[in-house]
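**Q** Here's the letter readout for the chains.
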Amino acid sequence: MGLLTIIKKQRLKDKEIRVVMLGLDNAGKTTIVKSLLGQDCSTVSPTLGFNIQTLPHAGFRLSIWDIGGQRTLRPFWRNYFEKTDFLIWVVDITTDGNRLEECRDQLKVTLTEDRLSGAGLLVWINKMDLINGDVNSYSTVVDQMVELLELKQIKGHKWLVLPCSALSGYNLIKGLDFVTEEVGDRLYRYT
Amino acid sequence: MVHVPNTGNTPDSLEDDYKFSTRSSSEMIDSMCDLITRLVQHVQQEQKPSHDVHSGQIEKFTENDLSVLVSHLDSFQELPQLLDEYLPTLVSQLILCFSSSGDDVNISLRASKVFYTLCKVRGAKIVCRFFSSDITQLVNIITWLENQVPNKSTSTFQSTWEQRYVVLLWLSILILAPFELESFGQDTGERVYNLSLNFLLIPGKERDAASMVLSKLVTRTDVKRKLLNRLYLDISKILSDDVEPRNQIDSFSILGCLQVLAQTLQLVDIESIKPYLSVHKAFLMTSQECDNFSNSQITKLKVKNLSRLVSKYMSLIPVGNNEDQFLPEEVEEILGELFDILSHKDTIVRYAVAKSMARIAQLMQGRFEVQVLEIIEGIFQCFDYDVYKTPEDVWGGVGTCIDGVSANLWHGALLTLAELLRRQLIPISSLSRLVSILENSLKFEQRLLVHVVGANIRDASCYVCWSLFRSYKDLPSNNLLSILQNMIQLACFDREINIRRAASASIQECIGRQESTIIGDLAVLLDGGNFEESIMSNKLDLIQALDYNTIGQKAKSFTTVASKVYDLGYTKSLTEFLIQRNHGIGSWDPEIRRLSARCLGILSSKTSGNFQEYVRRLASVYANVKNSISEYELRHGILYALGEIIGAKLLTHNDYNNSNNSLDNNIGLVVQTTILPILDSVTLENLQDTNEFYFAESFLHLLKSVILFIETMIVGLRDELRQRCIDLFFRPLPTSPLFRLSKVNSCLKISHMSIRNEAVDLIEGCSPAYITRELIQIWFDGMKGELDTTVTSTFAAVLGGIGEGHPQETYHLVIEFLALFISTKKNDTLTRSEAVKSLARLLLLSSIENQDRLLIIEALISAMDDYTTDDRGDVGSWSRLQAISGFIALFKRFPSFKKDFFLLESESMHCILLKTKLFRLAGESHDKLRLLSYQCLVELNDATAHILRENSPNNLTWKISVYFQFMAKTILSKDKETVFLPYIKTFLLGLVSTAGAIHVSKDSSEVCGRELMLYMSSSVRIFNTVIEFLKPTAPAPTDFRVSGKFINKREGSTLSQFEQKVSLCALRIFEKFFDLGLTPPVEEETVCDIPDGAEYTINVVQYRTLYAKIFNMHINTKNIAGRVLPSIRCFEGISQLSCNQLERPNQNLANIVKIYSLQALRRLVVLTKHGAPMVRERALESLYIVLQGKYNDILEDDNHEEYGLRVEESDKIIALLEESEYTNPPEILAENAETYMAYIEKMFAK
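From first to last, the protein sequence lines are chains A and B. So in the working numbering, the last one in the first sequence is 1202, and the numbering has no gaps at all. So in the working numbering, the last one in the second sequence is 1379, and the numbering has no gaps at all.
No wet-lab data here; the hints were simulated from the structure. Any given hint could be a false lead.
Stated by the list, open to error - Residues of chain A placed beyond 10 Å of chain B at every Cβ, according to the derived structure:
| no. | residue |
| --- | --- |
| 1 | E1112 |
| 2 | T1123 |
| 3 | N1143 |
| 4 | G1144 |
| 5 | Y1149 |
| 6 | G1186 |
What the hints assert, rightly or not - In silico lysine-lysine, DSS-like type, Cα no more than 30 Å apart, as pairs:
| no. | chain 1 | residue 1 | chain 2 | residue 2 |
| --- | --- | --- | --- | --- |
| 7 | B | K445 | A | K1024 |
| 8 | B | K689 | A | K1020 |
| 9 | B | K1194 | B | K1102 |
Unchecked claim - Only some residues are given here: those of chain B computed to face chain A with a beta carbon under 10 Å:
| no. | residue |
| --- | --- |
| 10 | L215 |
| 11 | R555 |
| 12 | R646 |
All C-beta atoms in this analysis are idealised placements derived from N, C-alpha and C, irrespective of residue type, glycine included.
The shape of chain A in the complex, shown without the other chains (with noise of 0.2 Å):
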């Protein structure tokens, strides 16, 4: 018996869901997790290291990494025993189309990682509070992400794609009542 063990047994029973969240820089990670805290938004400059930041939500602990979206992010998947659970991939709804691409390569890279095998994946399209147009049309918003992205593509891996906006809070719960009820199912379902 050792720390390592105890960290294992510790997840299962606290019903930790570790959730990594990326997306190329300026999407607004660290903002949805403040906005989520409860914290002040209007302060947040760019995430150069990363953070974890703890959240409760329908009983379960969820560990949030969010990670700058400038690093090569490929060696940190390795670190340590711990499995991810879910990814977030956030992207802000203002790129432009060279930038999409080279989100779309990111996110294709990310998830063949060993450590991401069966993960759930929800895409946050960020900063809907930018662009004029009604809710409703906000679907076809969604489908032409999914199109960008190429998401139907994905194997492995159960996905939502939701629009959202950290500054008004819209469907960011939405959002993270979808990370608990695939992670719940999938590892936690009589715990």
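With chain A's structure known, arrange chain B on it following the hints.
**A** Relative to the frame of chain A, chain B by itself:
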């Protein structure tokens, strides 16, 4: 559905197993569902009437299926929740099988085994939920269980424990039935109580389930009034029973009682239990004597009970005004008890106490803040016992000495702190105290007389840090940084992999969660200074450097990881850790000292300042410890580290500084003024102390670096300057460099492997000037000395370190000496094999003349025939191995060597001879030898090598079956005979020695045997060759004489011993050959000439030779089991041969066969009179078999004129044989034998 591999014994199943281990979880679940469905079908089929038409189509569920299913389930042990989705179906199907299995005991048995495994993997409580709650089963189950209750008179059960376990678990669900128990029968409650109490007191697994049943029963509202009271009465009887020393069984009943008590406490409501609380506490407090059984499980359960009791007591306190309330006395008492158990010798108990204390503290939080603080204070005080201050030491500081503290107490206390922190119960104001404890505990190590403790304490300290970082926000940075620093040291340099990883996990939490405070202050740690811009990304780099997988390897952590961490700026903490007592280069573990030294070497070359600083520090510490007896570890570490530091300097010099030929003058000065004096201060007495071989090792290590350093210094200097330079370095010495090398010689006399390696490296680096004839003479004498064989072999090894540039006479002298040494069989085997290795090294030198090179090659070839054995086994294989490796190294180093060097041209005598040996070794049973021989054959790069290479199978894993199949096919197949012809015989020699060997793995003898039989039964040449291996008497040594005068001086051929062994192997092969009912091959189609023109072209099986050889094998020997018995089997086989079995009989051959089959039959008759009972028995048996077979021929031949008579006589003989016993008196045996003989002569000799 996924196909489930059968795990039979076919070769394919191995590969299936391999696939099976890499399956994904979903595949395994599919396969499991498949299996369970089959189990269900099997059950249904059993129940159907037997005339059902389709019943035959369903596959049965076998024992094999069961083991596959169980092993699938077991592989979910690490992540059992992956099974959850399938649990309801799995469990309901299993229950179905289990309950409807009817009379088929096997099915319910297998179902219960699967059930148990499922409970083990996923946890009984969770699996239980899916049991059917069909209460109509309740009465059946109770009745069944009552019949299984163990009673004192018969201790045998009618069922397996898995079955009882599962049924009890099921009962534990059914007992929750929401009806009055009375409605199932008047005394149902009583019945369940009685039976489960019985199961509660036994040592088996049923106890766990029984306690679940019992606790649920007694807390039922309808019966609790009656049964709860009874439970406490019964338990008090059991616990007070027989207070005298309890035996093992009794401790299980205590265990059962405590289990049920704990579970009852959890389930029961406070009002019902209130009257029993004090009794309950009394049980726990008086069951003190349990500890005498050293049964930690009991203590752990006691802790569990105590903690639940507290929660009951706490719930009794009325909610109201806080100030008026007092903590119940009982709680105080229990806390005191827990503190006592905190330092229990077992981890599970300590951890249970830690969790209990934290839970209690949490219960008290808010209402009894003062008491919570008291608990924390109590825990803190645990770290103050037996700590005393140490006086100022060489490190210049006053420290605290924790050598006397109780490691168990510290561990327990740290776990408690971690649990408290996790619940945020420790006020932030205590942080500085916590940090000062961590300062000590993160480095904790206690050296006891024969072992070291403390790893668990460092691990628990990491747990404390981990909890701290997770549960608290915005910790003050000054405290954090010192912890972080310690943790980086642990992650890089701890000896234990788990602790390196635990530290890395804690660092992640720290950096990820304490960001706001750390960012600004990280610069304090980074003593390099201006890292402002990279600080933040630096944190991520740190985590990447301390990667979970990379730090899994000790060597990598100390080198690559530490180097990366250093580059990130964490310089000081690393250096400080490495240079200290008890850690780093002062560690008790020599491996850690060496690794630390290597790390210092790497770090020293990072900046120019490091080199000087490290050397200065190490030298000053050395000055303090050089005369202290107890600091031998540190001395080893320091000298080793100095060696590494100079070595690293040379490495960077070679890498970057090639244009500039001289090293930095300052460094030369440092070596001259600091390091040479250290080397010279080492006395011969120091080195000769055999108990301190590490010191000698480090001395050699340092001297090696210094010598290399001097060599590098003087490269490119003119002669006169060079001399001046050497003089400068050696001036302070009384004599020449020899003086230092004389110290080396005394090191060589220390018996240890690491000394040998260091010494060889050192001699290799020495320039020829140092290696004088006198020195070499000393080494010669050392090899012949009467010392320990490790020492003599060390002397043999250093001779191989002689490098280029010596005069030819020196080489000649050494080579002659070594060759002679190898060929003298009475010399020690280990030393001989080292001598072979040394010769192989010398072969690579370019300054050796061809004449000498020839000597070496001949010596190496003859070493391949070293088959010396002693009580350690095949010790000759060491020499064989070194010789082959020598040739491989030669061919790799000089790919064109064979062309340039006349001796190894492909058709030369030496080359053929070498290949002959290699082909033999390529068929041997020694795995490594075999593969190396193959490699060497390929490296030869000639015609045979090409064929071998082109046809080699793709997977070079060389499973033994793949290898032999490939080799036999390549070498023995007819179409390739021309190239391999000269080597078939020697390859077969190796193959026979493997296939017929007794002491060899079943795998290799089977695989080899299969191939051999295949080719023996198809090729006359191969069959005849194996016949040749039968050598009843020891052959005369066959040495080859080309030029070497040493080769033929061998005293007694070791090869002949090998041939003796092969002879026995060949006999066993023939025995097996005939046993399998194989027939010798017929004429060969083509006959090839072979290059050396030997008489080899025989196209008919040599029956005459076969018979004669086997005849000779079985006479004049005492070796009944090895020679006589197999020979009888062979005679049996030969006498069963007839020309009818040959495909294309030729009259001449038919006659020969007939003659020898008759001869063999006669021989069998003679052997029925043999002196040894075993021989008589076997001979009678064989004779019976043969005559029985011939009798059938007679029966078939009903056209024969004397048919009736022949049958009649044969009947008589068979009857006589059936009656004969080998125990009959000799005269009867002799008489019978005459009868048989007469019969045989009459029937077959015509």
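**Q** With reference to the structure, classify each hint as holding or not holding.
**A** Hint by hint, here is what the structure shows:
| no. | hint | in the structure |
| --- | --- | --- |
| 1 | E1112 | holds, 25 Å |
| 2 | T1123 | holds, 15 Å |
| 3 | N1143 | holds, 36 Å |
| 4 | G1144 | holds, 37 Å |
| 5 | Y1149 | holds, 33 Å |
| 6 | G1186 | holds, 21 Å |
| 7 | K445(B) / K1024(A) | holds, 23 Å |
| 8 | K689(B) / K1020(A) | holds, 29 Å |
| 9 | K1194(B) / K1102(B) | holds, 25 Å |
| 10 | L215 | holds, 8 Å |
| 11 | R555 | holds, 8 Å |
| 12 | R646 | holds, 5 Å |
Violation of the numbered hints given earlier is absent; every hint is satisfied by the structure.
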